[in-house]
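Peer 1: Chain by chain, the residues:
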Amino acid sequence: MSETVRFQFGKGEQVRFISHLDLMRCMERSFRRAGIMLSHTEGFNPHPKLSFGLPLPVGVISKACYMDAVIEDLLPMEELIQRLNKALPEGLKVFHAVIPEDKKAVMSLVSHARYLFVVKPLDCPIDVFTDEIKNILNQESVYIEKETKKKSKMINIKDMIQSYEVKQDGDNVVMEIMCDAGSVSNLNPMLIWKAIAMYTDYKSELPSVERLGLYKTENGKPVPVI
Amino acid sequence: MPVNLSNQILQGVEKPAAYTGGEYNSIVKNIEQVNIRFAFCFPDTYEIGMSHLGMKILYHVLNKREDIWCERVFAPKTDMEQIMREEGISLYALESKDPLSDFDFLGFTLQYEMCYTNVLNMLDLGNVPLLAKDRTKDHPFVLAGGSCTYNPEPMADFFDFFVLGEGEEVTLEIMDAYAVWKKQKDATRKDFLKMLTKIQGVYVPGFYDVEYNADGTIKEMTKEDFAPSVIQKRIITDFDKAVFPDNDIVPFIEPVHDRVALELFRGCIRGCRFCQAGFTYRPVREKKPDTLVKQALQLLDCTGHSEVALTSLSTSDYSSLGEFANKLTEETEKRKVNLSLPSLRVDSFSLDLMEKTQKVRKSGLTFAPEAGTQRLRDIINKNITEEDILNAVKIANAGGYTTIKLYFMLGLPGETMEDVEGIAHLINKITDVYRQSENKKLYNRLSITASTSFFVPKPFTPFQWVPQLSKEEYLNRQQHLDKLLRDNRKVRYNWHEGDLSTLEAVMARGDRRVGKVIYTAWENGCKFDSWDEHFKYDNWTEAFKTCGIDPLFYSMREREKGEVLPWDHIDIGVSRDFLWSEYECAKKGETTPDCRTFCSGCGATTFGGGVCYE
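One line per chain: the protein sequences are A and B, in this order.
The first sequence stops at residue 286 when you use my numbering, and every number in between is there.
The second sequence stops at residue 636 when you use my numbering, and every number in between is there.
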């Protein structure tokens with residue numbers, strides 16, 4: 061009997077720059093190497109039943125990545141985790157595996173994400189830059205042009221941000237943001253940075269971005285996916 | 023010391039994962055515990071290089087030795103190169119991120135002539151002197167192997183030495199010699215290179231000099247006393263027992279060929295007269311079916327790949343193909359792994375095999391008649407008749423295939439306008455097979471892609487003496503064919519541009535003087551020449567002018583029988599006399615049977631193995 065298993069895994073520093081497509085291919089192969097047979101779709105071009113939660117943009121790391129795998133011959137969760145971790149390249153690691161109670165795809169559950177930005181200013185003191193970012197985010201609306209394949213439109217990212225915290229940490233500004241994520245409304249963390257970079261005159265390095273959590277909504281409140 | 027690759031830099035380039043390493047099965051060693059550091063350099067992008075079987079084999083052969091660490095280096099794309107130059111970042115190896123100058127060896131593979139400027143660009147990016155004569159004891163030794171090194175002369179100035187033929191064994195012999203040399207405190211670079219002249223298959227160009235006649239042809243090659251007058255290529259005599267990688271790097275980003283590659287045999291029994299590989303890889307040597315199945319499963323297990331491809335020059339000529347395919351498909355089906363069969367001759371047997379193995383939707387069929395008439399196919403010894411082709415097309419039609427790819431060459435020796443028209447006739451006959459078949463749906467869906475390339479005469483083929491057709495005449499023939507094919511709505515006709523092929527013809531049969539042109543072209547900004555978007559023909563033309571070298575001397579001149587050829591000191595086992603007799607046969611339109619049918623005495627028996635002794 062095949063069974064859907066939901067995994068939580070991390071994408072770390074060593075694989076920061078692999079794309080979502082690369083990650084999917086890598087996971088599929090890791091299952092094969094681990095000797096865990098996945099169910100395949102029917103038809104002319106069968107492919108393994110493996111689906112992912114919200115993709116991470118290239119360059120973003122996270123310990124909160126999720127995937128659903130339909131496994132042919134189910135093994136104890138501990139063994140699945142152990143086998144998979146042995147077969148994964150450095151930088152990718154599975155933390156949890158559960159048989160989900162609801163059968164909805166992991167992607168459709170996601171409603172919010174929490175991101176951490178760490179960024180160093182290049183041409184102003186750190187406290188000035190911290191205040192600058194606070195001021196930008198404190199505005200009632202922060203409009204930015206969002207480009208899609210065909211057209212671009214102006215969106216107010218403040219509409220999609222639930223909460224934020226900006227503070228100074230040594231030479232860096234550290235910014236934590238909780239925002240919309242998933243298939244209904246999604247704010248790409250790179251767009252948040254694009255907005256800040258557009259509204260400030262100061263120069264800085266590109267921020268190092270980590271996704272701290274991915275959430276679903278239960279009783280109107282965000283709770284972790286697993 | 024590793025180079026400093028900040029996230030800032032990687033965030034700014036296309037496909038940054040090509041520059042970060044860390045792939046599954048890539049090998050990281052402790053530099054304190056290795057004696058020799060080898061950088062395997064592929065002079066093209068990561069995606070192309072990671073598809074190359076030779077690199078996988080040698081990476082494995084070298085890294086199996088505890089005292090050696092072999093790493094990989096690829097040519098960065100232009101966006102990454104620009105940042106590296108701006109930030110002063112040296113070209114580095116993917117595993118350690120250490121700059122090229124930290125290595126003992128930089129081993130390039132030369133797979134096609136138009137990668138030569140990339141070699142120079144990579145050395146430059148790695149802060150290694152481009153000319154062998156400028157390197158000191160502080161610099162790595164720079165070597166090359168691969169199919170282009172059978173005529174190494176155009177690149178002779180840039181390499182300390184070349185390794186001719188198959189590298190599985192000779193590479194380690196070179197490493198052993200280096201370990202001995204490294205222990206001697208006062209030994210010079212020349213001392214090491216001198217040691218190498220004792221190893222079969224190694225050519226040190228610095229020990230040779232060329233004298234020219236007044237007409238520009240070669241008078242003779244002179245050499246240091248201790249250097250061999252002829253350098254014989256290396257082969258693995260017992261191919262079944264050849265070292266084979268028991269694990270294989272799994273790239274994150276998708277390489278051109280993303281699969282397990284299984285080499286059924288080396289060499290080709292056919293002897294098509296235009297094909298360099300058909301002569302340089304002689305004699306044909308096969309692996310046993312059981313060995314191959316074992317190796318396929320081992321690689322599938324350790325990589326997690328979902329496809330196995332049988333790679334050989336002509337898969338259909340594998341003597342136990344039926345037995346082997348049955349054994350392999352039994353295993354691949356269990357694992358839901360696809361089996362890919364490029365270079366199969368189309369007949370009922372192979373279609374049956376494809377039906378069985380390819381669970382995915384029907385891919386197209388590929389035919390390579392190479393020439394449009396029987397007369398010309400006999401000249402090039404492509405032993406396939408029009409009847410064979412049309413029968414195969416009937417089988418394809420019966421099997422429901424509707425996508426057909428056809429490959430031809432224009433400018434073959436002896437080609438006339440009739441032969442060009444023959445291509446159109448043949449294509450029309452193929453179309454007729456579908457038109458006349460009962461299933462009209464198949465005819466409606468039929469799509470033929472015909473491609474022509476511009477013939478480039480290559481060293482170590484019977485056509486090594488012939489002139490290449492002029493670019494003007496090539497374009498004339500290509501346009502004529504285009505006109506003839508315009509009426510056939512089922513055909514899409516693709517052709518190669520002429521410029522690249524004329525240049526390739528110079529590189530293929532060039533001598534040492536061509537090295538200056540390559541250097542100048544690189545200075546003029548040429549790199550990634552085989553990429554349409556980067557190819558700068560005018561900069562090459564400029565380079566020829568600057569160096570006072572006429573490209574047509576190399577591409578369009580007919581060589582006399584007695585002329586000293588730039589590669590005469592290289593011995594591939596096939597004799598020059600045999601090649602000349604094949605050239606004579608070509609002129610008479612006589613064909614030569616394949617190696618299994620009849621031994622034509624090419625000379626490859628000298629290696630003491632393979633098909634010659636079956």
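Any given hint could turn out to be false.
Interface residues of chain B toward chain A, partial, derived using beta-carbon atoms under 8 Å [as the list claims (entries may be wrong)]:
| # | residue |
| --- | --- |
| 1 | Gln-30 |
| 2 | Gly-44 |
| 3 | Tyr-46 |
| 4 | Ile-271 |
| 5 | Pro-277 |
| 6 | His-327 |
| 7 | Lys-358 |
| 8 | Thr-542 |
| 9 | Trp-553 |
Everything labelled a hint here was simulated from the structure, so no lab data went into it.
Note that the Cβ used here is the ideal one computed from N, Cα and C, for glycine as well.
Peer 1: Close enough to count: is the Cβ of Gly-44(B) nearer than 8 Å to one in chain A?
Peer 2: 5 Å, holds
Peer 1: If you take the shortest Cβ to Cβ gap from Pro-277(B) to chain A, is it below 8 Å?
Peer 2: Where the cut-off is 8 Å and the nearest Cβ of chain A is about 11 Å from Pro-277(B), the hint is violated.
Peer 1: Once the shortest beta carbon distance from Gln-30(B) to chain A is found, is it less than 8 Å?
Peer 2: 5 Å, holds
Peer 1: Please verify that hint: Thr-542(B), Cβ, nearest Cβ of chain A, below 8 Å or not.
Peer 2: At 36 Å from the nearest chain A Cβ, Thr-542(B) fails the 8 Å test, so the hint is violated.
Peer 1: Against chain A, with CB atoms and a cut of 8 Å, does the hint on His-327(B) hold up?
Peer 2: Since the shortest Cβ distance to chain A is 7 Å, the answer is holds.
Peer 1: Less than 8 Å between beta-carbons is the criterion; does Trp-553(B) satisfy it with respect to chain A?
Peer 2: With a closest approach of 22 Å, the Trp-553(B) hint is violated.
Peer 1: Under 8 Å is the threshold here; is the Cβ of Tyr-46(B) close enough to any Cβ of chain A for the hint to stand?
Peer 2: Holds, about 4 Å.
Peer 1: Going by Cβ atoms only, is Lys-358(B) closer than 8 Å to chain A?
Peer 2: Since chain A brings a Cβ to about 6 Å from Lys-358(B), closer than 8 Å, the hint holds.
Peer 1: Under the criterion of a CB-CB separation shorter than 8 Å, is Ile-271(B) in contact with chain A as hinted?
Peer 2: 10 Å, violated
In the structure shown, a violation is registered for the earlier hints numbered 4, 5, 8 and 9, in ascending order.
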